[in-house]
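Peer 1: Chain by chain, the residues run as shown.
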Amino acid sequence: MKRSFFLFLVIIFLSTLVTGVLWGQGKFSKETEEWLKKSELGAYETGVYDEKQLFEKAKGEKEVSVYSYSSRVHQFGKTFEKQFPGIKVNGFDMDSTEIVTKVLAEQRAGNFAADVIFLKDPATVYNELLQKGMVFTYVPPDIKTVLPERFQKPFLVHHVSFDTLIYNTEANKTPPVQSLWDLTKPEWKSRVIFSDPVKMPEFIEVLATIVQHGDEMAKEYQRVFGKPIVLSKGVQNAGYEWILRMLKNDAIIAGSTNDVSNAVGQPGQAKPPVGITAFSRLRDKEKNPKLVFDVSYDTKPVMGFATEVIVAIVNRAKHPNAAKLMTRWMMGDAKGGQGYKPYFVLGNTPVRNDQPAPPGSRTLGQMNIWMADAAYVWDHGQEIRDFWLANLK
Amino acid sequence: MNEKSPFVNRLGLKLKQPQVVLGLLLVVILTGLVVVPFLQLVHDTAVWQEADRRMSRTAEPGAWTLFHYLRVFASPLSVNIFYRPLLHSLATSLTISLTAMLLGGLMAWLVVRTDMPFKKTIAVFAVIPYVLPSYTLALAWLDFFKNERIGGAVGICTYLFGVTPPDWLAYGFIPIVITLSLHYYPFTYLLVSGALISLDSNLEESGEVLGASRFRILRRITFPLMLPALISAFILTFSRAVGTFGTPYFLGAPVRYFTLATTIYTSIVNRTPAVAYIGALVLILISMVIIYLNQKVIGEKSFVTIAGKGLRRRVTPLGAWRWPAFSLMAALIGLAVFVPLLLLLWQTLMLYPNDYSLGNLTLHYWIGKSQAALAEGESGILRNAQILGAAWNSIRLSVIVALITGMMGILIGYAVVRGRKTNLAVVLEQGSFLPYLIPSIAFGAIYLALFSKSIGPLPPLYGTFFLLILVCVAKNLPFSARSGISSMMQVAGELEEAGMMAGANWLQRFRRIILPLTLAGSLSGFILAFISTMRELSLIILLITPETRTLTTMTFRYVEQGYSQFADAIILLIVILVVGGEFLARRLGGKRETI
Amino acid sequence: MAMIEIEGLTKRFGGVTAVDRLTLAVEAGEFLTLLGPSGCGKTTVLRMIAGLEVPDAGEIRIGGKTVFSATRGLFVSPGKRGVGLVFQSYALWPHMTVRQNVAFGLEIRKVEPARMQKDVSEALAYMHLEGMENRYPQQMSGGQQQRVALARMLVAGPEVFLMDEPLSNLDAKLRIEMRVEIKRLHREAKATTVYVTHDQTEALTLSSRVAVMEEGRLVQATPPREIYRRPANLFVADFIGSPTINLIPGKIVQKNGRTFFEGEALSLPTPALAAHVGAEVTAAVRPEEIRIETGESGDAVSGEVYAVLPAGSETIVQVRRKGRIFNVRVMGETSLNIGEIVCMQFIPEAVIFFQGDQGNRIDTGQE
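Chains as they are written, first to last, in our numbering: chain A, 8 to 400; chain B, 2 to 596; chain C, 2 to 368.
With the rest of the complex left out, here is chain A (with noise of 0.2 angstroms):
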């Protein structure tokens, strides 16, 4: 047995030698200079627009492979591969963090599996892809000009995208609630519904705004209660307490926004819940008529929360053409356009000034929201997160 240990720790050790000579990585490396260039991305870019000329280079491409956090890839998929064929889309949904943790390990990987990514969580992609150089930000030229400057850099923003108070309509005649303080009230316990945010890092992104903000939540609360805060033991500010409150009142965690909405808008509900959750959700309700719901519009300090969703092309895409037309045709046109049409709904916000609010939404202007701030959540994402774990029943 002695002798054998030894026979295993050798093998081990010789194991581990092999293991140990690996790490490599490349920071914008020589391949990857030469990928700009070859691309014309980067400090290579043309600033001219020339759709037929890119169709002509994608189409030796033959494919695009698009990473996205929204199932709608197969259907801007199939509409891009009718606009463009030839050029075959390989629409892959996942989640946000999915496809950042995907793209980390293919870059490491040097397996270049993804050429378009398109998600949220600005934050995380800007400094664990973008500063290292493994997904590049290209904002077609033709769209420079209807794109406000904040939506350029440092990504593309897509659409925004926000989180709302919605209640349900059959119970209530009007919205049941005022205040986000409200939802700290007995009368809520158990009742408020919304996101897990150690799963889906755009909640993050919603507490980080109200802890960013928390001078305002606590105007807010003095405003509701008549009195100033008081923050429990080792709470920073108000914006923390509301998440403290809310925990403490039984706030239900769900696996999804399309749970919530559900869960808010089931008709037949005595006491129904109240949730926050993606703006879009209320498309739902042209999908499954039988569901009542609706956004709280007047939400005190604010009614929602935006975050971004943005597109970027990877580092070392296989496909840097179809890519770059993809892009193109994701943003669509003035009137919406056929590739941005499955965004064009209920609920989004588009970023062009050119386009004009879906049907039944409001512009971004017309509505009292918070902007998340990708700096902020960044510096302090852990913190709340931690801050929620630490704090959970």
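Hints were generated in silico from the structure; no laboratory data involved.
Here are the simulated DSBU-like cross-link-like pairs (lysine-lysine), alpha carbons at most 30 angstroms apart as the crow flies:
{"#": "1", "chain 1": "A", "residue 1": "45", "chain 2": "A", "residue 2": "325"}
{"#": "2", "chain 1": "A", "residue 1": "151", "chain 2": "A", "residue 2": "45"}
{"#": "3", "chain 1": "B", "residue 1": "454", "chain 2": "A", "residue 2": "69"}
{"#": "4", "chain 1": "C", "residue 1": "81", "chain 2": "B", "residue 2": "422"}
{"#": "5", "chain 1": "B", "residue 1": "454", "chain 2": "A", "residue 2": "325"}
{"#": "6", "chain 1": "A", "residue 1": "278", "chain 2": "A", "residue 2": "307"}
{"#": "7", "chain 1": "B", "residue 1": "370", "chain 2": "A", "residue 2": "95"}
{"#": "8", "chain 1": "B", "residue 1": "370", "chain 2": "A", "residue 2": "294"}
{"#": "9", "chain 1": "B", "residue 1": "370", "chain 2": "A", "residue 2": "66"}
Only a predicted model underlies this, so the values are computations on that prediction, with no experimental measurement involved.
Based on the hints, put chains B and C in the right spot on chain A.
Peer 2: Just chains B and C, lined up with the frame of chain A:
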């Protein structure tokens, strides 16, 4: 001939023995598949990770740190990310193991040793729950008991009885224990019925002759003889239950009832892998303690295999209890198999969830064309290129893994049995057990960490189908090695030696003697690997890329998105493939057995 | 030159030395039996000759060709040694028919089909297995399986037959039948045979020479008669013969100028042992070398009949004297009754003596 040192000579002669060469080769493979990944895991727990820069400004990727250990064991988060999940893991796994042992043991006794009606039928259906993916029952449970808590439609229970099930019944400890007990009891059933079959009734009858009462015989003779089988079943169940991810996730997450396994998953998804790895280490430790205790308790005693020619089996007449016993077993199987499958089937036929009227029935989720208004416009699963692709991946993966693992099992069996009592054999036998100690979810995590870079001459394997094969082979090795070893034990060494005498080289002996003789015995190893790969989720969820998607990962995704119709339909598809695959394998394997 | 030459052969299993520096030569055409109690290493020796076990030290030559040498690191694989082996369990392949079993070796050696067909049929016929070609081993009786195993060995035409307790799994009647069969085989094939058994009757009836082993060492290798008559030491004496030899511990003394063996139950004049006066010895007498008489007689000793065990052609009578039981073989039947007082007559020339401390036979120059 020139003189060589005796040591070199001896080594040279040793290396001429096939079991030594093979054994060494297998140990190297095992090291690569299991030991190296494990060391990588340990290493990563003590080193700053890229993603840690979000958590600590001082993080310096690659440098040593105790940060992760402090975070897990001694931080304000510890209770929620470690201690409570640990408690939940232990509580559920223990209860599940005990319940499963009770159910499986009772069923085994009733089937083997009593005059219960329809024993054969019960025996056929008894193992089906294990064939189903472990979370089948969980999804069916949700379809039935779901209340408003997690949103979406409420369950059938509310529809039928107008009563909303309370949270404790719908989610958390109780349903996890019930569904997993129903899933795992076949372990005990198989082990105990095997032991009961090989137990000679004479042993019991001699007790009877001495005037002992029936109960006394059961307690003093039968039970102690069954103890090794029962304990093995307990260990097997416990270590599987503690590492399972699907069911605790589906049933526990809605009420924030987390176990270590689900915490590991969320930690990985949150890109704090080191924290997940520490959880994995704790799980490994638990498994090791349990197995150590097992050996302590059973000691030298091995399975009861008092085989012989005149083996007689005594049948205990149940008298008035015959039909109640049958009803109980039928109900058990009904609850574990038919009710859940029917519930799932019903769910897949509902156009809108929560509408249980006949008019709401549809085949859309099976064969429907894409409709923008339904499920983000995805078409029914039998028309859906993505799902069909995933099905193809699942089948391919399972078949390849079954073949490779089964083959490796036989080879390991060969090297272990032929090299009996040598150090190499001991190392190999115990080494092949290692993957068993590493929970599936942790195993996947390790492979993700290790194979996303190039290792020596190996290109990075992340994103390849090959990596999935590798991880599934490694994880299934303990079972196929067990069945390989036991089927090899049945092949007397002399049968191979007779081949040596006839001048056959190793390859000829293996192909013409060993393989034909062990194949039938190892069939269960093949089938087990096929089945467990077919329904594998925990192991591969972290390694799947869009191109390598399998049915199980598709299900998981649909569950997460709340499309229970799709999720349930895919589960049914998996069940059909698994049952069909097993049937086919038995048919093919059966032919050989008849000679 | 001997057919099989074994020198200094040693094999250890873990800490146990199974075979200890064994040196032995088997002449061409000889039928040598390795005899000994279980665990004495006889099977290990056979397996090392076959090449199924790799020795730790020593050398083996077969037909003048070295097939194993520890110092030279030489090891010839079993199939290339020109030996055939019959296993105790027969080791017939259960998934092959009788014909396939026998033909396997020829297939491996790539013998052309027509020739193979002929050889196999001949071997089967030789072992009286015609008509059973297509049966599977499980469908045959033990004796038939044994014949298949022999046929399988024969067909390759080895120069050396190795047999590992081939008859131990057969019932008494079949055993005798197969014994004859094996003897015939040996005579007709003229192959050198090494036969392992723990059954002394088998060893004594079959062999031209018997090699007795004890705890890994070779004790004695001589023709059967000599093994029986002149066992090299106490171990061999005690191991060979049924019922076992009578052993009486005692001392060589000098009385009145004559040399006597003085045992606790027996006293015998032993003029040939004059040189050993004062030595502790053990006297050994085969049961058939004691005569029983009912009346008193000169140098006979008396005892009480303890048991009478008739066995057909002979009867074993056990006589108790001074607390010691003597086995006596009497031809035919006897009318002795239990409890009867009888006299035992010893033939001094038939008594063998062993050194008390080492157990080696004291050579008295007799026979």
